[in-house]
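If you read the sequences in order, they're chains E and G. Counting from 1, one number per residue, gives the positions in the first sequence under the UniProt record's numbering. Counting from 1, one number per residue, gives the positions in the second sequence under the UniProt record's numbering.
Source of the hints: derived by calculation from the structure; they are not laboratory data. A few of these clues could be false.
What follows is a set of in silico ranges between Cβ atoms, one per label pair, in the way DEER data are often shown [said to hold, decoys possible]:
hint: 1; chain 1: G; residue 1: Q466; chain 2: E; residue 2: T324; range: 53 to 61 Å
hint: 2; chain 1: E; residue 1: T324; chain 2: G; residue 2: G21; range: 16 to 24 Å
hint: 3; chain 1: G; residue 1: G21; chain 2: E; residue 2: V513; range: 40 to 48 Å
hint: 4; chain 1: E; residue 1: Q127; chain 2: G; residue 2: A200; range: 27 to 35 Å
hint: 5; chain 1: E; residue 1: K487; chain 2: G; residue 2: P146; range: 40 to 48 Å
hint: 6; chain 1: E; residue 1: R317; chain 2: G; residue 2: L73; range: 25 to 33 Å
hint: 7; chain 1: G; residue 1: I511; chain 2: E; residue 2: N306; range: 34 to 42 Å
hint: 8; chain 1: G; residue 1: Q127; chain 2: E; residue 2: S486; range: 27 to 35 Å
hint: 9; chain 1: E; residue 1: N436; chain 2: G; residue 2: G21; range: 23 to 31 Å
hint: 10; chain 1: E; residue 1: E74; chain 2: G; residue 2: N335; range: 50 to 58 Å
hint: 11; chain 1: G; residue 1: L52; chain 2: E; residue 2: E506; range: 34 to 42 Å
hint: 12; chain 1: E; residue 1: R442; chain 2: G; residue 2: A200; range: 51 to 59 Å
hint: 13; chain 1: E; residue 1: N482; chain 2: G; residue 2: S166; range: 42 to 50 Å
Here are the simulated BS3-like cross-link-like pairs (lysine-lysine), alpha carbons at most 27 Å apart as the crow flies [said to hold, decoys possible]:
hint: 14; chain 1: G; residue 1: K236; chain 2: E; residue 2: K48
hint: 15; chain 1: G; residue 1: K348; chain 2: G; residue 2: K236
hint: 16; chain 1: G; residue 1: K420; chain 2: E; residue 2: K51
hint: 17; chain 1: E; residue 1: K420; chain 2: G; residue 2: K48
hint: 18; chain 1: G; residue 1: K420; chain 2: E; residue 2: K420
hint: 19; chain 1: E; residue 1: K135; chain 2: G; residue 2: K135
Some chain E residues near chain G, calculated using beta-carbon distances under 10 Å [unchecked claim]:
hint: 20; residue: F63
hint: 21; residue: A65
hint: 22; residue: K71
hint: 23; residue: E95
hint: 24; residue: S166
hint: 25; residue: R168
hint: 26; residue: G224
hint: 27; residue: L232
hint: 28; residue: T391
hint: 29; residue: N394
hint: 30; residue: G403
hint: 31; residue: S415
hint: 32; residue: S418
hint: 33; residue: E470
hint: 34; residue: D474
Quick caveat: nothing in here was measured; it's all calculated off a predicted structure. Heads up, the beta-carbon is just placed ideally off N, CA and C, and yes, glycines get one too.
Protein chains: 2
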Amino acid sequence: MTINSLTKNTKHLLHALYQSGVRHFVVSPGSRTTPVALLLAEYARQNKNIKLYIDVDERSAGFFALGIAKKLLEPVALLGTSGTAITEYTSAVAEAHISHIPLIVLSTDRPVELQDNGAPQTIPQHQIFGALTKKFVVFTLQDEQPDVTSYIDFMTQKLVHEIVMSPRGPLQINLPLRKPLMPQLNEPTAIIVPLLKFDAIDDSMSPMKLSESRVVIIAGPNEGADYQSELLNFSKKYHVPIIADVLSRTRQKTTIYGIDALIKANILTSAYQPDLVIRFGATPVSARILEWLKSENIPVWFVGENTLADHSRHVSRVLQLTPTSFLSQISVDNNAEFYQRWQDLNQKKRYITGEASIANVLDRVLPDQTAVFVANSMAIRDMDDVFTGQTTQNIYANRGANGIDGIISTALGMSSTSQKRSVLLTGDLTLFHDMNGLMMARQYYLPIDIIVINNNGGAIFSFLPQATAEPYFDMLFGTPLNLNVSKIADLYELAYVKIKTADELERVIKIPVTGTRLIEFESNRSNNVKAHQQLMGGVQHE
Amino acid sequence: MTINSLTKNTKHLLHALYQSGVRHFVVSPGSRTTPVALLLAEYARQNKNIKLYIDVDERSAGFFALGIAKKLLEPVALLGTSGTAITEYTSAVAEAHISHIPLIVLSTDRPVELQDNGAPQTIPQHQIFGALTKKFVVFTLQDEQPDVTSYIDFMTQKLVHEIVMSPRGPLQINLPLRKPLMPQLNEPTAIIVPLLKFDAIDDSMSPMKLSESRVVIIAGPNEGADYQSELLNFSKKYHVPIIADVLSRTRQKTTIYGIDALIKANILTSAYQPDLVIRFGATPVSARILEWLKSENIPVWFVGENTLADHSRHVSRVLQLTPTSFLSQISVDNNAEFYQRWQDLNQKKRYITGEASIANVLDRVLPDQTAVFVANSMAIRDMDDVFTGQTTQNIYANRGANGIDGIISTALGMSSTSQKRSVLLTGDLTLFHDMNGLMMARQYYLPIDIIVINNNGGAIFSFLPQATAEPYFDMLFGTPLNLNVSKIADLYELAYVKIKTADELERVIKIPVTGTRLIEFESNRSNNVKAHQQLMGGVQHE
Numbered sequence: 001m002t003i004n005s006l007t008k009n010t011k012h013l014l015h016a017l018y019q020s021g022v023r024h025f026v027v028s029p030g031s032r033t034t035p036v037a038l039l040l041a042e043y044a045r046q047n048k049n050i051k052l053y054i055d056v057d058e059r060s061a062g063f064f065a066l067g068i069a070k071k072l073l074e075p076v077a078l079l080g081t082s083g084t085a086i087t088e089y090t091s092a093v094a095e096a097h098i099s100h101i102p103l104i105v106l107s108t109d110r111p112v113e114l115q116d117n118g119a120p121q122t123i124p125q126h127q128i129f130g131a132l133t134k135k136f137v138v139f140t141l142q143d144e145q146p147d148v149t150s151y152i153d154f155m156t157q158k159l160v161h162e163i164v165m166s167p168r169g170p171l172q173i174n175l176p177l178r179k180p181l182m183p184q185l186n187e188p189t190a191i192i193v194p195l196l197k198f199d200a201i202d203d204s205m206s207p208m209k210l211s212e213s214r215v216v217i218i219a220g221p222n223e224g225a226d227y228q229s230e231l232l233n234f235s236k237k238y239h240v241p242i243i244a245d246v247l248s249r250t251r252q253k254t255t256i257y258g259i260d261a262l263i264k265a266n267i268l269t270s271a272y273q274p275d276l277v278i279r280f281g282a283t284p285v286s287a288r289i290l291e292w293l294k295s296e297n298i299p300v301w302f303v304g305e306n307t308l309a310d311h312s313r314h315v316s317r318v319l320q321l322t323p324t325s326f327l328s329q330i331s332v333d334n335n336a337e338f339y340q341r342w343q344d345l346n347q348k349k350r351y352i353t354g355e356a357s358i359a360n361v362l363d364r365v366l367p368d369q370t371a372v373f374v375a376n377s378m379a380i381r382d383m384d385d386v387f388t389g390q391t392t393q394n395i396y397a398n399r400g401a402n403g404i405d406g407i408i409s410t411a412l413g414m415s416s417t418s419q420k421r422s423v424l425l426t427g428d429l430t431l432f433h434d435m436n437g438l439m440m441a442r443q444y445y446l447p448i449d450i451i452v453i454n455n456n457g458g459a460i461f462s463f464l465p466q467a468t469a470e471p472y473f474d475m476l477f478g479t480p481l482n483l484n485v486s487k488i489a490d491l492y493e494l495a496y497v498k499i500k501t502a503d504e505l506e507r508v509i510k511i512p513v514t515g516t517r518l519i520e521f522e523s524n525r526s527n528n529v530k531a532h533q534q535l536m537g538g539v540q541h542e
Numbered sequence: 001m002t003i004n005s006l007t008k009n010t011k012h013l014l015h016a017l018y019q020s021g022v023r024h025f026v027v028s029p030g031s032r033t034t035p036v037a038l039l040l041a042e043y044a045r046q047n048k049n050i051k052l053y054i055d056v057d058e059r060s061a062g063f064f065a066l067g068i069a070k071k072l073l074e075p076v077a078l079l080g081t082s083g084t085a086i087t088e089y090t091s092a093v094a095e096a097h098i099s100h101i102p103l104i105v106l107s108t109d110r111p112v113e114l115q116d117n118g119a120p121q122t123i124p125q126h127q128i129f130g131a132l133t134k135k136f137v138v139f140t141l142q143d144e145q146p147d148v149t150s151y152i153d154f155m156t157q158k159l160v161h162e163i164v165m166s167p168r169g170p171l172q173i174n175l176p177l178r179k180p181l182m183p184q185l186n187e188p189t190a191i192i193v194p195l196l197k198f199d200a201i202d203d204s205m206s207p208m209k210l211s212e213s214r215v216v217i218i219a220g221p222n223e224g225a226d227y228q229s230e231l232l233n234f235s236k237k238y239h240v241p242i243i244a245d246v247l248s249r250t251r252q253k254t255t256i257y258g259i260d261a262l263i264k265a266n267i268l269t270s271a272y273q274p275d276l277v278i279r280f281g282a283t284p285v286s287a288r289i290l291e292w293l294k295s296e297n298i299p300v301w302f303v304g305e306n307t308l309a310d311h312s313r314h315v316s317r318v319l320q321l322t323p324t325s326f327l328s329q330i331s332v333d334n335n336a337e338f339y340q341r342w343q344d345l346n347q348k349k350r351y352i353t354g355e356a357s358i359a360n361v362l363d364r365v366l367p368d369q370t371a372v373f374v375a376n377s378m379a380i381r382d383m384d385d386v387f388t389g390q391t392t393q394n395i396y397a398n399r400g401a402n403g404i405d406g407i408i409s410t411a412l413g414m415s416s417t418s419q420k421r422s423v424l425l426t427g428d429l430t431l432f433h434d435m436n437g438l439m440m441a442r443q444y445y446l447p448i449d450i451i452v453i454n455n456n457g458g459a460i461f462s463f464l465p466q467a468t469a470e471p472y473f474d475m476l477f478g479t480p481l482n483l484n485v486s487k488i489a490d491l492y493e494l495a496y497v498k499i500k501t502a503d504e505l506e507r508v509i510k511i512p513v514t515g516t517r518l519i520e521f522e523s524n525r526s527n528n529v530k531a532h533q534q535l536m537g538g539v540q541h542e
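Model the full assembly from the supplied sequences, consistent with the hints where possible.
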């Protein structure tokens, strides 16, 4: 008998809860709880550390679980059936919210197709406790997508960890389920939930010597914290290669840049494969680096004070402290040859043409520590590919939600804080989205060069599968606006320069100027794709 | 010209923001912003550290403020007018949420009487950004209640502190305003916002010697953390009196108990007045102690890792670390006579009669480290008044939301974690609320004595002003249910004992027994009021 998705995912949820320290379950049975309750009862029979209580009145169950959690200061899980049964937990959740108790509500729910349609026992259960729960998640236990199983494994451990960290609080896990609800009992498939280990370091960390000899650090986007010199000293002392994101504030000649292009060009052969990768900072601009770590199954640790963000769900250990504290306590005996091999990557010849050459010129000619704001979409990718950080680490972007709205205004806000000239690198579509923002440049005469790469529309879509949908592509994705940048400058009374080649930018940047200036560079979307494919020489495919 | 509430409270808000580190304001004007915008412009003219930007497009304003906050890593405030204007901030708030930027939205709003009634530019603005904001608060700037001014002072500093602490995030301050909206300009009244100082201690704290010689520590409710021995050593070494809440897990013969009764009996004369009080833990059971600190204007510090909770708004300094770390680094040169005077308070004669004598007997006869759950309302007050903690520190209660629902189940949950007999002290009304919970006692044969003080209704209301509303009092507040506790025991198949005097409890507790037992003690609500008034001798009034 092959294990079905419902049985497999439910078992993963239960094992992941157990692995996160949940030992007590208080169940109020009902039809909708069937698969979870049955597999839990089976699990409790196999694992004597699990204590299972049945309490038919959900209000009482909520408080009973609270009593266990209060006494043991452990996470305790409730399991209840759909409808008002779930609302009965509200008082216990309120008490747990204020008195910081890690109560977990597993709320089984009707499936999406029965919502808001007159189906019995169906109430809107998503986030039903509102601000009373510290965290909330939905697991679709019947989903056949293997990624959902890995999501359940990873998120359960991450969220239970978050609710047992100060200030503790409740968690709701909503479980929409459709009929048939019967799971497979006595199904023998072994369940393995990859461990996500958290080291919460309260005070200072004790010294730790890593046994791996091919350790690599990835310095991701980092707004604010300054650990560049500690990182560079560490790298040199222990021969640890540093892959530095363009937003990491640590790019410099001894750090590796442009990892995305290197992976795309298949340059990272097994000779480069680390036996441990340590990540700092937020999600890297390069999507390929996270995919590579996962596909090559390279162990990854994450170091940071804040909540772990790893949508690749591949991090296996989290050390909750600042990179600076971490670096001061770690020693590594890394292979020198391995280190040198990584260092040599910076020497690989880049064939930089087209739009990316703007980032390349900026890398050469910007005055020291110029603040640079980089738009999302193509601009940030070009910068990550070719900007080596020789002149400035002062790179900003909106990489939280990666929107293309509001970039002009954010860059102007950034530039308003300093008398020194700033730079914004953007495309024409992003410029148009926030064109109104230019009024602030006129009103406050802000010292910034806005470099507009004008490829007449959404260039990034030319790299994506929809580029082949020719009859509709330009209308829906290319969206050419035929923007007249010179007229925009005229409207907002800004200086305007048009450059034909990237090299002209060097001359323009050196002209003394005050206030805001629009610098337009005309490009072409189809040439741009070719230019990017040839970056590392040869032709690569997306 | 006397300053009016609108002008005064708005100035307090602006000063409190400034005091919390806000230097940049980005204003999108509109009718509803009138008072805040005008007073802000006046303030910025007086204080050159304030930088004021006007950006008429709110979407651009949101991102412009984000750009400033990103660059400076400081909290930056937006001010916008009611209606869709506020929704225009959503994209910037989303980016700030994910990338951890302390953006503050001051959203002026229509007043409550115009909500949901067809009034123009009126949308539901409370928590409008949902989970995208880390914190949310409403300030009623036109309110004449002086407490509202102090709320604005305190909460502004507390909330801005919370959003600049990791993980940083946005804050919405909603400001409902009714016409007339014109504030008083050039109004000369000096604005003083009491400073709320936060010391965020990342690693270990440096040693600190206090200059005060009459320092007192209040150990409040504390679930989990064990710092009793450190606290007692500290107290002895530096002659620092400890006022220990019954839920503090630190009550012992050298700590002061029953502070509420001592204040009520006017025993705390000026000879007892500290020059500094340091609070640990949650809100004390005694309401009088916080009122006393505030009315005597005694400086109070708060030590704790979690968010500060001080509804008296009197704490002036917060040290964010554990009591254990704090105690290890502090030294005090306290007055020995002062210390002795406080210690002598434990020798004051108590006249314990009626309901409180149950807590008194428990204090004498409980086996060592018995887990005791205490219901809210009268039971917890009695315990705080007379239980000295000689036998056990293992005291639990639901003091987050202080509900009387769910107490039976919580206590049963607590008792389920141990083979050792536990105790629950409760009144009859609390028993009735969660009578269903007794099913768990029957099903799992839980080892607990449930002591029910049966005064036939809500005894606590007899202490409150409504007790004088005789024609309605019993119906609405006394709510006598004439509960037959013996029949309840019979229904759930529990052992049952009725005691006539508290002394009988000693004998009953010593009888070997298994499973759950209901012990009923009959009381009388009017005698109970008298008994409490005479606790410290003489007659006190509420």
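- [ ] Please test the hint of 40 to 48 Å on the beta carbon pair from K487 (chain E) and P146 (chain G).
- [x] Violated: the Cβ-Cβ distance is about 57 Å, outside 40 to 48 Å.
Task: Proposed interface contact between T391 (chain E) and chain G, which counts if any beta carbon pair is under 10 Å - done: violated, 18 Å
Open item on the list: A closest beta-carbon separation below 10 Å is what the hint needs, so does K71 (chain E) meet it against chain G?
Closed with: Nearest chain G Cβ about 5 Å off; hint holds.
Open item on the list: Between the beta carbons of N436 (chain E) and G21 (chain G), is the distance compatible with 23 to 31 Å?
Closed with: holds, 29 Å
Open item on the list: Just to be careful, I want the Cα atoms of K236 (chain G) and K48 (chain E) compared with a cutoff of 27 Å; is the pair within it?
Closed with: Violated: K236 (chain G) and K48 (chain E) sit about 46 Å apart, past 27 Å.
Open item on the list: Does D474 (chain E) hold up as a contact with chain G if the rule is Cβ-Cβ below 10 Å?
Closed with: violated, 26 Å
Task: Status of the given 42 to 50 Å range, CB of S166 (chain G) versus CB of N482 (chain E) - done: For N482 (chain E) and S166 (chain G) the Cβ distance comes to about 46 Å; the hint holds.
Open item on the list: For a C-alpha distance cap of 27 Å, please report whether K420 (chain G) and K420 (chain E) respect it.
Closed with: This hinted pair is violated, its Cα atoms lying about 71 Å apart.
Open item on the list: What's the verdict on K135 (chain E) and K135 (chain G), does the C-alpha distance respect the 27 Å limit or exceed it?
Closed with: holds, 15 Å
TODO: Mind checking the CB of F63 (chain E) against every CB in chain G and telling me if the closest is under 10 Å?
DONE: Holds, about 3 Å.
Open item on the list: Let's test the interface hint: is any C-beta of chain G closer than 10 Å to that of E95 (chain E)?
Closed with: Where the cut-off is 10 Å and the nearest Cβ of chain G is about 5 Å from E95 (chain E), the hint holds.
TODO: Could you see if the CB distance from G21 (chain G) to V513 (chain E) stays within 40 to 48 Å?
DONE: With Cβ atoms ~34 Å apart, the hint is violated.
Checked against the numbered hints given earlier, the structure breaks hints 3, 5, 7, 8, 10, 12, 14, 18, 27, 28, 33, 34 and satisfies all the rest.
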